[in-house]
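*Asks:* Could you slot chain B onto chain A? The hints should help.
Protein sequence lines correspond, in order, to chains A and B.
The first sequence begins at 1 in the working numbering and counts up by one.
The second sequence begins at 1 in the working numbering and counts up by one.
Hint data in this document are derived by calculation from the structure and do not stem from the laboratory.
From a predicted model like this one, the values you see are computed outputs, not experimental measurements.
Since the list gives no way to pick out one identical chain from another, each pair is judged satisfied if it fits inside one copy or across any two copies.
DMTMM-like cross-link-like pairs, simulated, lysine to aspartate or glutamate; straight-line CA separation at most 20 Å:
(1) Lys113 - Asp129
(2) Lys295 - Glu253
(3) Lys163 - Asp116
(4) Lys295 - Glu255
Protein chains: 2
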Amino acid sequence: MSLVIVGSLAFDTIETPYGRREKIVGGSGTYCALAASFFTQPKIVGVVGEDFPEGILEFFKNKKIDIRGIEVRPGKTFYWEARYGDDPNQRSTLRTEPNVFENFRPQLPSDYKKADIVFLANIDPDLQDDILVQFQNPKLVAMDTINFWINTKPEALLQVMEKVNLYFGNEEEIRLLTEEKNLIKAGRKILERGPFLVVIKKGEHGALVLEKDSVFGVLAHPCEEVHDPTGAGDSFAGGFLGYLDKTKAFDAEREIRRAAVYGSVLASFVIEDFGIERFKSLSPQEIERRFERFKKLVSF
Amino acid sequence: MSLVIVGSLAFDTIETPYGRREKIVGGSGTYCALAASFFTQPKIVGVVGEDFPEGILEFFKNKKIDIRGIEVRPGKTFYWEARYGDDPNQRSTLRTEPNVFENFRPQLPSDYKKADIVFLANIDPDLQDDILVQFQNPKLVAMDTINFWINTKPEALLQVMEKVNLYFGNEEEIRLLTEEKNLIKAGRKILERGPFLVVIKKGEHGALVLEKDSVFGVLAHPCEEVHDPTGAGDSFAGGFLGYLDKTKAFDAEREIRRAAVYGSVLASFVIEDFGIERFKSLSPQEIERRFERFKKLVSF
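Excised from the complex, chain A in its bound form (with noise of 0.2 Å):
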């Protein structure tokens, strides 16, 4: 088994009704190998400046999480600010600093190659793109995205959907990608681009997982406190993965299905404490109490 993630380490100040944490380690990549780590053992790809807390590192590699595809560079980490508002789904991004991040074009270990699950988390479309082309012959291949490169980059970002098996997007991103009201509408627009999978998250309504001729749909978990939004999306993608890394099972839509309740556990589990905070005591046996609690949830 193997589950190779791209994405982003940061600092991240964010600001939510609970309170305001400064400079807290965060990171599409971040949030994503800790919830997989509870399920395989995720390689993570990125880079971080000098800046990065070491404690952090240890902390990913008692995770048993890969970390030789992290790159240390001269520099500051990547620096993110935001405020979320009474509503969880709508945050402002109040600061962004690529440093380190700016020019950053990784060499992977040449293990990593071999990967069976590829996960491009949120950064340029075009990076993307030059990163997958290292994979030798990865079964299944899943990309998140952010509205920015959907302003920015449409045509960039396209041209990775195509390569791409899986594709991760919030209800707002996937009507913007494709510019339709209806989610079932939308989702099969994206099917028609590539991928055979589209994954729409919904936030506090759960999250809708699309093929071409099955939908399966899967509640939130009633959370009454969102303390921090951040890190939900990449925590169902990375409890996904991590499932279906766990099972082998790249296609099979019972696992599809259980990797999606995984995924939304995860995500409860990420925004009941600021950053990664819950990830630090979560234990297996919560998971999978909650996993039993989403059945009950939805079971008639």
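*Replies:* Same frame as chain A, now just chain B:
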């Protein structure tokens, strides 16, 4: 078994991205009674003008809806005009003419007063209150309302709410009413005001059913073409309450869950065509087939 539905019968002029229909039959009572008629023999209470089509009253009778509670008055039937954009959840009301509804003070036929289940569909909360006292010993009282009453008569509304067991509301209404963004918290606030059950209708995202100690979520049918969203909420309530009336299970969790799914099923059909058109051809077999598809949609 007996279910009494108090609501409006109306002429609607509707414009959606799929077309425009002038003066077609609608109204909260109409949709609700028709949806319920697939499960039980509902009694309807409302008022129409002399211009209301005899053929529709005949159609109600053929559907085994008891129409003795419909008063025919000199004057014109309630009229409503609305337009929907690409997003079916966004509608603009262009015109409302209460007409004969203005001074409607129904006197219930005596056997109506013994109803097991009473549904107070969206009408003036003072009127809801007036009518409710006429019932002798209902086992389950449900209500619905709209933003208009929440904004203009919040106190009257809260007074009715204290006397009902089940509150149906859509996301927007429930947030407005409770001044709480988080839907689970908002629902719990309503549970503190009287009802033991709150159903939060979320359009394309399905519905949540909240009780004190449980949450149930039902997905919406993945519909690619919403021809006319009018009546979806009332059809949901009709399917829900019709099913409960049929089973005579007024508070069993299992039946409430199934009722919510049937509510979703009926709502998913009515939006496939304008007005009540789809209910004219709908068969019990189609309902059962879609019920099974709702199961498949969430099973993992």
